[in-house]
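Undergrad: Following the hints, complete the assembly by docking chains Z, R, L and V onto the known chain F.
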Amino acid sequence: MPQNSENNSNHLEIEEEISEKAKIALIEYDADNYQDKEFENVEDAFKFFHNKSVTWLNIAGLDDVNTIQKIAGHLNIHHLIVEDIIMANQRPKMEDSGEYIFVVMHMLNFDKKNKDLLSEQISFIIGRDYVITFQEKIGDIFNGIKDRIKQSKGRIRKQGADYLAYALIDAIVDRYFVFMEKVEGRIEELEDEITNDAVKRIPQKLHSVRSNIVYVRKQVWPLRELINSLTKSESKIISKVNNVYFHSIYDHTVQIIDTIEMCQDILGGLHDIYLSTVSNRLNEIIKVLTVFTALFIPLTLIAGIYGMNFKYMPGLDWQYGYYFVVGAMAVIFVALLIFFKQKRWF
Amino acid sequence: MPQNSENNSNHLEIEEEISEKAKIALIEYDADNYQDKEFENVEDAFKFFHNKSVTWLNIAGLDDVNTIQKIAGHLNIHHLIVEDIIMANQRPKMEDSGEYIFVVMHMLNFDKKNKDLLSEQISFIIGRDYVITFQEKIGDIFNGIKDRIKQSKGRIRKQGADYLAYALIDAIVDRYFVFMEKVEGRIEELEDEITNDAVKRIPQKLHSVRSNIVYVRKQVWPLRELINSLTKSESKIISKVNNVYFHSIYDHTVQIIDTIEMCQDILGGLHDIYLSTVSNRLNEIIKVLTVFTALFIPLTLIAGIYGMNFKYMPGLDWQYGYYFVVGAMAVIFVALLIFFKQKRWF
Amino acid sequence: MPQNSENNSNHLEIEEEISEKAKIALIEYDADNYQDKEFENVEDAFKFFHNKSVTWLNIAGLDDVNTIQKIAGHLNIHHLIVEDIIMANQRPKMEDSGEYIFVVMHMLNFDKKNKDLLSEQISFIIGRDYVITFQEKIGDIFNGIKDRIKQSKGRIRKQGADYLAYALIDAIVDRYFVFMEKVEGRIEELEDEITNDAVKRIPQKLHSVRSNIVYVRKQVWPLRELINSLTKSESKIISKVNNVYFHSIYDHTVQIIDTIEMCQDILGGLHDIYLSTVSNRLNEIIKVLTVFTALFIPLTLIAGIYGMNFKYMPGLDWQYGYYFVVGAMAVIFVALLIFFKQKRWF
Amino acid sequence: MPQNSENNSNHLEIEEEISEKAKIALIEYDADNYQDKEFENVEDAFKFFHNKSVTWLNIAGLDDVNTIQKIAGHLNIHHLIVEDIIMANQRPKMEDSGEYIFVVMHMLNFDKKNKDLLSEQISFIIGRDYVITFQEKIGDIFNGIKDRIKQSKGRIRKQGADYLAYALIDAIVDRYFVFMEKVEGRIEELEDEITNDAVKRIPQKLHSVRSNIVYVRKQVWPLRELINSLTKSESKIISKVNNVYFHSIYDHTVQIIDTIEMCQDILGGLHDIYLSTVSNRLNEIIKVLTVFTALFIPLTLIAGIYGMNFKYMPGLDWQYGYYFVVGAMAVIFVALLIFFKQKRWF
Amino acid sequence: MPQNSENNSNHLEIEEEISEKAKIALIEYDADNYQDKEFENVEDAFKFFHNKSVTWLNIAGLDDVNTIQKIAGHLNIHHLIVEDIIMANQRPKMEDSGEYIFVVMHMLNFDKKNKDLLSEQISFIIGRDYVITFQEKIGDIFNGIKDRIKQSKGRIRKQGADYLAYALIDAIVDRYFVFMEKVEGRIEELEDEITNDAVKRIPQKLHSVRSNIVYVRKQVWPLRELINSLTKSESKIISKVNNVYFHSIYDHTVQIIDTIEMCQDILGGLHDIYLSTVSNRLNEIIKVLTVFTALFIPLTLIAGIYGMNFKYMPGLDWQYGYYFVVGAMAVIFVALLIFFKQKRWF
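Residue numbers (the numbering used here), protein chains in the order written: chain F, 201 to 546; chain Z, 201 to 546; chain R, 201 to 546; chain L, 201 to 546; chain V, 201 to 546.
Hints listed in this document are in silico derivations from the structure and should not be mistaken for laboratory results.
It does not matter which identical chain is used: a pair holds within one copy or between any two.
In silico SDA-like cross-links for lysine to any residue, where the CA-CA straight-line distance does not exceed 20 Å:
(1) K400 / N483
(2) K432 / R328
(3) K237 / K337
(4) K353 / Q269
(5) K353 / A231
(6) K400 / Q542
(7) K346 / A225
(8) K237 / D347
(9) K432 / S297
(10) K293 / A371
(11) K252 / D329
(12) K270 / R355
(13) K353 / V282
(14) K350 / D370
(15) K511 / G527
(16) K543 / L482
(17) K358 / L280
(18) K440 / L280
(19) K400 / D472
Chain F with its partners taken away, still in its complex shape (with noise of 0.2 Å):
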């Protein structure tokens, strides 16, 4: 299961605490103008808003409880949505408060060392003009769209905030396409691995990428279910014509969902595989002991009874009695090799 630091499950009445400063960045653009800027204190960005000009703000930090709680003061936000921002773990959701839309929900990011999912909360207040995002810290997933924002690529500066929102929740999404890819590549090592009898550890294996799998699947039922609802959503403000945008998203989800189905599926069945590799690598070696016993032990029981000690034995006296006996073995040796040759033993 993914690790998230903080508690869940209380629903503390906020109280103002000043912690580590979250760190303030903005953007704000239309088809001719941008700027970027960073701000100490939150006030200051407030003058940006409501310009004609979409507005991008973006906090990173959610202990900074005191600034999230200005910006709710400032666009008259209410307070249980500052808690669904303020602690982690949130299904995602999205409501619709006729001013502003809140969406949250999770990004996926990867632990490069311990091999590990993480994922981490990402919360969204879309205004008419302006979009407010929240994180935890400052990762690389929006770096894309700076990028095309401030470089005029594509359609982003002749469009509205509605877009921005768009192009900001399809980069998280297209992260779990990514880590389904991922996964998909990690079936297929696997697959590889239970026919090549490298048995080490396969079921743990199995078990880390359903694991993976369940919290994916857990992360995206919900998202479906809210990018649906912004789609239904008669708010004005996404546009009519810009709702086929999130219509696409919609579709991505889909087929994540799609595809973690057919990954479960298909992980039952190598854990089939591999159980029956394990059963008949126990056949091989009890077919070995049976050989190995069945072989040796009526031949033993012929040397033992000539071993005995009776005064009076016939052929222990016969010159030839030896090479007899030890021929005998022979035979019956062949015999039951031949035999267990016909039962497909080795």
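TA: Okay, now just chains Z, R, L and V, sitting in the frame of chain F:
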């Protein structure tokens, strides 16, 4: 399965019986005033109702049918609801009579001695300016809320009975969160135990965790419906403004259900790993058995052959015969060892 | 699978046949009056209908087609419903003709001798002022209700035919509760049996419990629908006020279904534990086999070597040779013991 | 999987081809009159249509495309429906064109020789005063209905074409009941076989039953939808009064589905029991192996030790040495026996 | 998992790049006229559009973004649809813009060399009098339809673009049928292989079939929705009369899904049989091992006892001692044989 002391299946015509007296506690507050009292007779509490302040009456002791029926009589509550309050093991449900909303649900408790999951039924009657809670015995679950009222922390004193109901139900739902966190911790412990080869009673432990989850699921599924109908009810008891709080409880129940499903998937995977571990262990043992048998049985045959008492046996009189045979044994031994090594049997 | 004596699949055009006479019992009551009678001919009962009092006619004996058709004729009941009453093994269902409501369901019974689950079909025709019940033979299930009517306990005498129907159906549904409690008890017994290593016929016992649950589920699922449509029907036969009673039966069926699902989950877990127990037992035995083989086979080889009849063998003439070899055997024995101990094999 | 002789996946533009002639049989009746005829050419049958009496035309032989297309031409039937009639392996479905209702479904048949499940496609075209049935070859399934018409048994002669259609479809659905009863019988046989230790080819037998059930389920699921839409169709072809008959078929299909699900659950349980039986049998055998090995190997070692050829061995010269050693062997043997007895190994 | 060469997860802003030229083929026809042409530049094709005849333009080569964008420009197609056409691995879906209907789906292909399942994405743009198909490379799938148009077989020349679209989609869906037939054949082969004891790599083979089915299911489920929305769309592009053809494709997809589910059930059953076969085989081998050990070990002990070197041993001097002991061995041997025979161990 968690134990309940009372019989569930009988739907008795309730006869008036005098049993253990319930403990009757009352808190009355508005933004400016606060008082709490305890009563011997529930009739003494009735005069505190309908005073424009919020009244919270807590009845601890479901055997005291008399007291409960007096309340029902005073507030004109349907006798089937009285039955629901008294009979343990009710399915979580909500009924809206117009005058009041009836809610019955279960609180999770931990029997620290037996490490068992206990559940206690709690019923609510929520009116426009009062909340009545019925529980089996006084616990610690509502202490936090009592403090918040007394010390006027947060917004509880400024809100009505609906907010109080929200706070109480939220406290109960939070327990499910806490429990699921314990379950997640337990699952991680089991993951470690299984990989650390300490395989004592793993299936029993997995089963115990699974049974607990199944029990919680049985509680949370109807709880979700319950709270969903609370948020969708058009009752005047819950104000439109405070509906958002019940909606946040709804989100919590959905999240608990997600976690439950994830845990169930992971538990299934752990069971598979356990079975593989056991199966691999068996393979290891049988390998040892096979190696021992296969190494020594042929040599024993050779020794047996030279122990036969034939008069005429070649080599017995040869001076180096013994050394030659023992040497041959050693060669066979080493050859078999190498063979098994190549088969990766040890 | 519970046995039913009659053929289910034929949908015969019913011919009039004279078979075993049904037992015809009638109870008529209102708040003030009560009488009960038994009849030879059903026509004698007809004059008690439509008297402003509540009439309950109980027909025990489904072979007496003649009697049932006379009732159908008198009350103008569709011939397909007559077929449904007569043919055993009907799926629980409800039909509302406007004039009467037809309900068919199954009562659970316990064959104490064979510990088998029996089920008996009971049909109801519920009119505005009468209830007719059809059952195979007279049992004890309705005795409690007969007493309550006779002794005017509770509110039954003050209510109409709809309340009587509720009481009768509720009595049947309560049997399901009782049965599921027995099943829960049986499951706990099996939990103990499995952990106590008394593994005789566990799979058969688990299977028997599971079959019973499957049968009950097959009954309760349509029962839930049935009662749901009863509560939602706009029939004038069930008064709005008494609808709440049928709703409480509905809650019961939902709770039974919850319990069934929980039991199925737990049974699945028990089967897993059983399999693990068997598998561990096998491991134990094979460990013993391996230890014995591995401890004694090398020593046997040594004894065999010194039993060879070579003329020139070093040590045979040495005075302490025997003691040395036996001592060496003891050392090997102890060394292997320690080795296996370290491997935790016993 | 049941075999079908014709190819399913091609959707040919039908060319007129002269193949095996279909057998054309016609029954015409009303309350007072009855006649049945056979024809060489289907055109001869057309004059019997629309005579105010009910006309039932049965075409046996789906290769005779020519005949079928003549009927389609006469009654103005869409060419896709003609394709559906001709192509085997159609999914059960119903189409209502206004003028006629088209129904295609499958009849179950038993190949008594190979004990295999056969299925034959039967199509119906139901008009206001006629029913046309298309089947591959004449079977015995409709004989009962022919007799009822001829001998005027029951209400069939007094009813219209919709009742005839009901009777025909009901006859087919009844076959499913009969089949599921056979399946239930087969499952009980298998239950006995498994407990009676006659474990030959049990998995294959279970699989064969399961495959049959899977096939029937594949047929009955769409059949249920089909009949549901029949009952809900607002077609004038089925009179409101007779709708109740189709509703009773619907109840039957639901009941068959219930039985199928119950059988699948029980089959799953039987497979578990079988696996446990096999596994217990293996345990038994390995116990015997272990006991034999463990009882005799230590004694063999002792015998081997006293068979060594050391000159100086204590006890060899002792008069009672032999008796002492053999006695010691017996003691060890008995001690081990008691030990294994305590472990309940035999 | 089938391989796709292109990356799925990126949603690039498409830059104009000149890559491999697409092959552009056009067929224009009405009831009386027919012509087919190939073009270098797609602009040359545009003049054939909107001529009252039906125009079918086929573009083979999805890398030629330039050509595709020219078409999009000419027909005013949304750039997200262009992306969907170009990016491989789209989920099957349909979009109705009013002016045109966009459909994307996958065609199954068989790599005869590697016996692998290949899938190729095919997109359709269906207008009122034209159909444009986009595929990766020219295959044989549409050849039958080209012939039918050219030779005016069936009703295709008399119908409009909607019928052409139906014919093309139907050809693709038929491939799924063909594939599922192959799968059914493969499953029957595997059934034989498993019973014929040729158990090499059975789990891998089962897994491979299951993976293929899972992949097809992933394609067919959205395909069913797609075609369902086609039949339910109120688009003027598909005439009411021809809607029935799309409905027949819908029936086909439902039937494919039924077959898929049936195959999955049967595959699960086959895996169970395979496991039982392996397990029985193990039992057989262990029986042999046990019989050999149990038959010979006691005799070896007897031989060992009489090989001891005690001076005073009874019977050694007896003339018939040897015969007596060997006879006793034979008796024990036969007695054990009979015992094992009774236990049915061989």
